[in-house]
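J.: Sequence:
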Amino acid sequence: MTVQQLDAQTLRDWALPALAQSADKESRGRVLVVAGSREIPGAALLCGTAALRAGAGKLVIAAPASVAVQLGIAMPEARVIGLPENAAGGLDASGVSALRDCAAETAAAVIGPGLVDEAATREFVQALLPLLAHCPVVLDALALEGAGRQPFSQPVVLTPHAGEMAQLTGLAKEDVQRDPQGTALQAARRFNAVVALKGAITFIAAPDGRCWRHEGGNAGLATSGSGDVLAGVVGGLAARGAAPEQACAWGVVLHALAGGRLAARLGPLGYLARELPLEIPALMAAPG
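When we follow our numbering, the leftmost residue of the sequence shown carries the number 1460, and every step to the right adds one.
Just so you know, not all the hints are guaranteed correct.
Claimed, not checked - Estimated spans, in silico, between C-beta atoms of each pair:
hint : residue 1 : residue 2 : range
1    : S1556     : Q1463     : 40 to 48 angstroms
2    : D1638     : L1731     : 16 to 24 angstroms
3    : G1729     : A1557     : 38 to 46 angstroms
4    : E1564     : Q1529     : 23 to 31 angstroms
5    : A1631     : Q1480     : 47 to 55 angstroms
6    : S1556     : Q1468     : 25 to 33 angstroms
7    : Q1636     : A1546     : 31 to 39 angstroms
8    : A1477     : G1668     : 25 to 33 angstroms
9    : R1637     : Q1463     : 16 to 24 angstroms
10   : D1638     : Q1464     : 17 to 25 angstroms
11   : D1638     : Q1468     : 20 to 28 angstroms
12   : C1561     : E1734     : 23 to 31 angstroms
13   : A1557     : Q1613     : 14 to 22 angstroms
In case anyone wonders, no lab produced these hints; they're calculated from the structure. All residues carry an ideal CB built from backbone N, CA and C; glycine is no exception.
Given only the sequences and the hints, what does the whole structure look like? Please build it.
T.: This is the structure in structure tokens:
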């Protein structure tokens, strides 16, 4: 099977949907980010910032009520919806009703960064996904297993690293690492989703068997919050109208290129995930 290499040239040859100079924020799409917890509120901030830097027109952050006000102050560009949480800090599924109207107007969603309580997250995601059947949904971190083990009937992007992929598929982590390409392809078919298996070499697979390989990252990207930024970039690109596989491919390359620019300017290690989104707009305009 042919695997296409992903790099800056790929992006230049695979242009994002065009936006008119007169495009308003509605035409650039509303992205819904369901993320954060009392312990990890910053994940919602990182993800939401990345989605806007990728060009989404409007941002809604749905987060536990205990951190909603703080997030609203930290992210004045966003509408923030506080959701009920359980004693462990996980989102209570009863809060899905508060997102019904917002979900209907959502162009793309990202669910998972910084969420806690696996059981609560699974119940919440299963209740929310039907409200987002009309748009691409990026499932990240704890939300990866939120919809169970059945194929998706809506456009979904999964963004696991090797450990999460092992848990998702029932394989040993060593088996995932031994054959990441095959594992990504198998998971894409099994779940009817675009799968980005993250690592030093990232493989992206689509349900129809198409596969892309990217190896342009650097060690500095292996830092807290980096995955939250990647999920946000993919969600922001999808909100602008990119197909799930294109949003995923562009997101992976832009994320790596941003890390490369920071490494060249600041050093190979020690730059922060919060610094990645600021590099994205210029890289989108001129990848490389």
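J.: Confirm or reject each hint.
T.: Results for each hint:
Under the hint 40 to 48 angstroms, the C-beta atoms of S1556 and Q1463, about 42 angstroms apart, fit the expected range. Range check, D1638 to L1731: about 33 angstroms between beta-carbon atoms, so the 16 to 24 angstroms window is missed. For the pair G1729 and A1557, the beta carbons lie near 40 angstroms from each other, so the given range of 38 to 46 angstroms is met. Range check, E1564 to Q1529: Cβ separation about 25 angstroms, and the 23 to 31 angstroms hint holds.
A hinted range of 47 to 55 angstroms holds for the C-beta pair A1631 and Q1480, which are about 52 angstroms apart. Against the hinted window of 25 to 33 angstroms, the Cβ-Cβ separation of S1556 and Q1468 comes to about 46 angstroms, which falls outside the hint. Take Q1636 and A1546: their Cβ atoms lie about 36 angstroms apart, and the range 31 to 39 angstroms holds. About 28 angstroms separates the C-beta atoms of A1477 and G1668, a value consistent with the hinted range of 25 to 33 angstroms.
At about 22 angstroms, the CB distance of R1637 to Q1463 agrees with the hint of 16 to 24 angstroms. Hint check: D1638 to Q1464, Cβ distance near 18 angstroms, so the stated range 17 to 25 angstroms holds. The hint said 20 to 28 angstroms for the Cβ distance between D1638 and Q1468, and at roughly 27 angstroms that hint holds. The beta-carbon spacing between C1561 and E1734, approximately 29 angstroms, falls within the hinted interval of 23 to 31 angstroms.
Against the hinted window of 14 to 22 angstroms, the Cβ-Cβ separation of A1557 and Q1613 comes to about 21 angstroms, which satisfies the hint.
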